[in-house]
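Asks: Single-letter residue listing:
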Amino acid sequence: MMKMMKKLKDYDFTLIITPILLTAFGTVMIYSASMVSAVVEGFESTHYLFKQLQWFMLGLVGFAFCALFPYKYYQRLIKPIILVIIVLLVGVLLFGEVRNNAKSWFQLGPIHLQPAEFAKLGLIMYLASVYSKKQSYIDEFNKGVLPPLILTGLMLGLIVLQPDIGTAFIIFLIACTIIFSSGIRFKHLFILVAIGLIVLAIALPNMVTDTRIDRFTGAYEPFEAPETGGYHLIQSYIAIGVGGLTGEGLGQSVQKLGYLMEAHTDFIMAIISEELGFVGVVIVIGMLATIVLRGLFIANKCKDSFGALLAIGISSMVGIQAFINLGAISGVLPITGVTLPFISYGGSSLLILLISMGILNNIAKSVNEERQQPETVKEQPGLEKNVLNYRGGRPWSS
Amino acid sequence: MKRVSTVTVRKRIVTVFLFGLLLFMIIDFRLGYVQFIIGDKLMDKANESWSRDIVFEADRGKILDSNGDILAENVSAPSITVVPRQIQNPQKVAENLANILDMPEKKAYEYVTKNESSVNIHPEGRKLSEKQEKAVRTLNMDGVYLAKDSKRHYPYGDYLSHVLGFTGIDNQGLMGLELYYDDKLKGEKGSLSYYSDAKGKKLESIADIYNAPKDGLDLKTTINSKVQTIMERELDLAVAKYNPDGASAIAVNPKTGGVLGMTTRPNFNPENYQDVDSSIFDRNLPIWSTYEPGSTFKIITLASALEEETVDLEEDEFDDDGSISIDGTHLHCWKEGGHGHQSYLEVVQNSCNPGFVNLGMKLGKEKLFTYIKDFGFGKKTGIDLQGEGNGILFDPEDIGPVELATTSFGQGVSVTPIQQVMAVAAAVNGGNLYEPHIAKEWIDSRTGKTVDNFENEIKDKVISESTSKELRYALESVVAKGTGKPAYVDGYRVGGKTGTAQKVGPDGQYMQDNYIVSFIGFAPADDPEIVVYVAIDNPKDTLQFGGVVAAPIVGTIIGDSLRAMGVEPREDGLEKEVDWPEQPKVEVPDLIGLKKKDVTEYMTNLSIEVEGSGDHIIDQEPKAGSKVEEGAKIRIYLSNKKDRDSD
Numbered sequence: 001m002m003k004m005m006k007k008l009k010d011y012d013f014t015l016i017i018t019p020i021l022l023t024a025f026g027t028v029m030i031y032s033a034s035m036v037s038a039v040v041e042g043f044e045s046t047h048y049l050f051k052q053l054q055w056f057m058l059g060l061v062g063f064a065f066c067a068l069f070p071y072k073y074y075q076r077l078i079k080p081i082i083l084v085i086i087v088l089l090v091g092v093l094l095f096g097e098v099r100n101n102a103k104s105w106f107q108l109g110p111i112h113l114q115p116a117e118f119a120k121l122g123l124i125m126y127l128a129s130v131y132s133k134k135q136s137y138i139d140e141f142n143k144g145v146l147p148p149l150i151l152t153g154l155m156l157g158l159i160v161l162q163p164d165i166g167t168a169f170i171i172f173l174i175a176c177t178i179i180f181s182s183g184i185r186f187k188h189l190f191i192l193v194a195i196g197l198i199v200l201a202i203a204l205p206n207m208v209t210d211t212r213i214d215r216f217t218g219a220y221e222p223f224e225a226p227e228t229g230g231y232h233l234i235q236s237y238i239a240i241g242v243g244g245l246t247g248e249g250l251g252q253s254v255q256k257l258g259y260l261m262e263a264h265t266d267f268i269m270a271i272i273s274e275e276l277g278f279v280g281v282v283i284v285i286g287m288l289a290t291i292v293l294r295g296l297f298i299a300n301k302c303k304d305s306f307g308a309l310l311a312i313g314i315s316s317m318v319g320i321q322a323f324i325n326l327g328a329i330s331g332v333l334p335i336t337g338v339t340l341p342f343i344s345y346g347g348s349s350l351l352i353l354l355i356s357m358g359i360l361n362n363i364a365k366s367v368n369e370e371r372q373q374p375e376t377v378k379e380q381p382g383l384e385k386n387v388l389n390y391r392g393g394r395p396w397s398s
Numbered sequence: 001m002k003r004v005s006t007v008t009v010r011k012r013i014v015t016v017f018l019f020g021l022l023l024f025m026i027i028d029f030r031l032g033y034v035q036f037i038i039g040d041k042l043m044d045k046a047n048e049s050w051s052r053d054i055v056f057e058a059d060r061g062k063i064l065d066s067n068g069d070i071l072a073e074n075v076s077a078p079s080i081t082v083v084p085r086q087i088q089n090p091q092k093v094a095e096n097l098a099n100i101l102d103m104p105e106k107k108a109y110e111y112v113t114k115n116e117s118s119v120n121i122h123p124e125g126r127k128l129s130e131k132q133e134k135a136v137r138t139l140n141m142d143g144v145y146l147a148k149d150s151k152r153h154y155p156y157g158d159y160l161s162h163v164l165g166f167t168g169i170d171n172q173g174l175m176g177l178e179l180y181y182d183d184k185l186k187g188e189k190g191s192l193s194y195y196s197d198a199k200g201k202k203l204e205s206i207a208d209i210y211n212a213p214k215d216g217l218d219l220k221t222t223i224n225s226k227v228q229t230i231m232e233r234e235l236d237l238a239v240a241k242y243n244p245d246g247a248s249a250i251a252v253n254p255k256t257g258g259v260l261g262m263t264t265r266p267n268f269n270p271e272n273y274q275d276v277d278s279s280i281f282d283r284n285l286p287i288w289s290t291y292e293p294g295s296t297f298k299i300i301t302l303a304s305a306l307e308e309e310t311v312d313l314e315e316d317e318f319d320d321d322g323s324i325s326i327d328g329t330h331l332h333c334w335k336e337g338g339h340g341h342q343s344y345l346e347v348v349q350n351s352c353n354p355g356f357v358n359l360g361m362k363l364g365k366e367k368l369f370t371y372i373k374d375f376g377f378g379k380k381t382g383i384d385l386q387g388e389g390n391g392i393l394f395d396p397e398d399i400g401p402v403e404l405a406t407t408s409f410g411q412g413v414s415v416t417p418i419q420q421v422m423a424v425a426a427a428v429n430g431g432n433l434y435e436p437h438i439a440k441e442w443i444d445s446r447t448g449k450t451v452d453n454f455e456n457e458i459k460d461k462v463i464s465e466s467t468s469k470e471l472r473y474a475l476e477s478v479v480a481k482g483t484g485k486p487a488y489v490d491g492y493r494v495g496g497k498t499g500t501a502q503k504v505g506p507d508g509q510y511m512q513d514n515y516i517v518s519f520i521g522f523a524p525a526d527d528p529e530i531v532v533y534v535a536i537d538n539p540k541d542t543l544q545f546g547g548v549v550a551a552p553i554v555g556t557i558i559g560d561s562l563r564a565m566g567v568e569p570r571e572d573g574l575e576k577e578v579d580w581p582e583q584p585k586v587e588v589p590d591l592i593g594l595k596k597k598d599v600t601e602y603m604t605n606l607s608i609e610v611e612g613s614g615d616h617i618i619d620q621e622p623k624a625g626s627k628v629e630e631g632a633k634i635r636i637y638l639s640n641k642k643d644r645d646s647d
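These protein sequence lines are chains A and B, in that order. Residues in the first sequence are numbered from 1 upward in steps of one, following full-length UniProt numbering. Residues in the second sequence are numbered from 1 upward in steps of one, following full-length UniProt numbering.
Hints are supplied without guarantee of correctness; some may be wrong.
Stated by the list, open to error - Here are the computed lysine-lysine pairs in the BS3-like style, where the Cα-Cα straight-line distance is at most 30 Å:
1. K127(B) <-> K189(B)
2. K641(B) <-> K241(B)
3. K148(B) <-> K301(A)
4. K11(B) <-> K187(A)
5. K72(A) <-> K11(B)
6. K11(B) <-> K303(A)
7. K133(A) <-> K11(B)
8. K449(B) <-> K461(B)
9. K189(B) <-> K255(B)
10. K72(A) <-> K133(A)
Quick caveat, the hints were computed from the structure, so don't treat them as lab data.
Generate coordinates for the entire structure from the input sequences, incorporating the hints supplied.
Replies: Structure representation (structure tokens):
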């Protein structure tokens, strides 16, 4: 019993409580935002609420499991994990269900699965694994940097084919963050950026559609094109503007009544802003920031480079998604259909996020455990001289 | 083996950390900006976007005559609304609409391609005629709709046009009663403001605001449509006969001040007011025009003198030698050589100018002008129409003996017809000066119940009942025995007074052979029910005398109106003196030596009888220079040769 307690003590409570609170809050907001549109679509008003609650429960199981499951095993399981994900990504292109002009979902009975969400976590694990192994020769471009990018490129390509540009873009940014954090040389980083730009230049003409152009112009001059590209943003602005400091009150949103499309998914923050005001917005962003920054904090503390990169990947996944989503509803970025982590409706996404949080907790636990046995680690010989100028930190294992 | 420094990695993580922090701050600031800085603007947008107004037009109130006869009402006249998105072939639709609505095709194309959910074609597509409506219905174009709308309809056409006025495209009153009583006639637009979702579906959670439209009230007027019809008819006849520059007529109930009828020539059809020059619909002559009244004004002088007891009509006498000298100025009587020895009753009957000058002198300037003001001259009567004239009186300091004298017989003062009518009404109704009015009652159009009454307002008691009675007798005798004989109506005891007013030309001088001839009459003299004034401006091809032109018109109007109003005929009136010789005579022109075709110009006030054949007039009967009654026969003898001696 004491041992259990002791083990629990090693967990990072901030990282347990914040995601759960955020998800619970998100579920409430999903109900508020979707109860009308659900009825309009011919369901019970609680349709989206219950579906999200199911995923929440499933996510909690995943959360608990991953919090207990030692993260280091992922490194060993990385090959089957990647294999499964590639199979899923190819499978969804062949057998997937077309929704919103994209083949992004599998329908398994009542459950809709979005393989791209799993690909995010899978790729984080893969890159963390690969770059931590190559840590000793990360400064060699051909040997250290390039090989993993081929698989990354393959996965991105499969997602772009769906097409799910938003998710592909997020994965790309997550990969960039991990690569950047892995200690890559700036010279190599520039080469990568150059390659990226060339690929973009080739891909761009095919990706430019009227809708996408509208979304871009809509983001910067929404009132110029109120009927087309600017519509969503104007409606989002209205929702945010109406909210003021404390909002109209929970459930009182008008914008959710058909004005703001996807009120319970992409634009849920606009509804939160309308109903709960700036106060609600700051609390939500604060909680999201807490998760991201806490994750980065753990990454910083983690002496195992796989754990550190995994933590960075997970944190950046949450952070990047949050930024792109919030950027879109506030008109800083174009609208790309990226959901708000923990809050927006979306089963696969929530499941992956809660699993990720479980993993992050496991990393945090091991960091805390290590901290309680400082002597043994400090005794490791032969590495000290490399980090002489570092105050009390520990070198990456090699 | 090269090793990456841990320091580098940690620095990188810290960089990511700081970068993440920065991004969250950017988002927070951005959201704060949207919420607080542009929030108010967005709030307006939100209300605009959420609220839907359904406008319910109120029905404009009808205008009715005193018996409930409709003078102005609403008829359905649909308007076109187009829904651009439903139009498949805008070019074709624009072409059709341009043809039907008589507008440039380019403009029509702009309407049907506008980036709006629905477009009203304003003003071209508003209030379609029946023909246009039918054309639109027949073509049955996609995306072109006919929306319910109404326009004002005046069942009597150009009848009573200046009084009724007209309404604009949005049924707003622009003229006449339509303007004066617009507030209550137009009612209040209703609206249903409700919050709705994006599909326009009503939101139950937010209370909607329903303002029921309030239909305009029906305005019942004092106008008697039968009297009005008679007046319109008579003025039409007068216009056809005399081709005057203008004409006006007013009928008033002297017991209430209510206007029974009022009309002006030239007039217009209120439904097509756009086709008429504004100088026509702007000028409601009975209340707008101001001119020297001439002899009708003598009624005021007489009333004042009777009230002040400065004259006894039967006992006092006056010798008229054709002119009277005031301060060295000779003021002439209209009758050359004068009327000779007369009682004052005869002075009135004869409309003898020197006699009235004498009356004015006896009264004195103070008293006469006090009475003139008391009778309401020099200021607006307060009739419920826009555009009333003030009239002009002499400045008290400028009134010398000559001004006093001319004012006594109606020259040198400038008045409006309505002022004269109200003053005379007061003179004959027992002395009560009423404020003239046209509105009688406000009626709720749904229940038919009277909501509000307009009170008859007595402004002043100007003379006593007994003076009024005496005056009525004197004026009845003018019609029975004097200059007003053509106004005589059997059984209705018409009283009245002729007027022949000189007009001041643009040079400030009196115009030659250009008069406003008028007659003001009332009946029955024992208990007047109606006062009628008719003025004809510059009648052509006639003797320009009020007695000749205006009196018969007033007589007909009074007779027909009283019959239409169901007033009992009287039996105890003054008998018409049939052999009264005082018709102004016409001097026979010298026709000898003229050609036959030249004679036509003399045929207007004389009738010509022809003897013989040929082109040349060789003789005439009676001789040139002799005086004959107007319309008397002149016999001319014709020959082929120029003079009779040559054959």
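Asks: Need the list of violated hint numbers for this structure, in ascending order.
Replies: 2, 3, 8, 9
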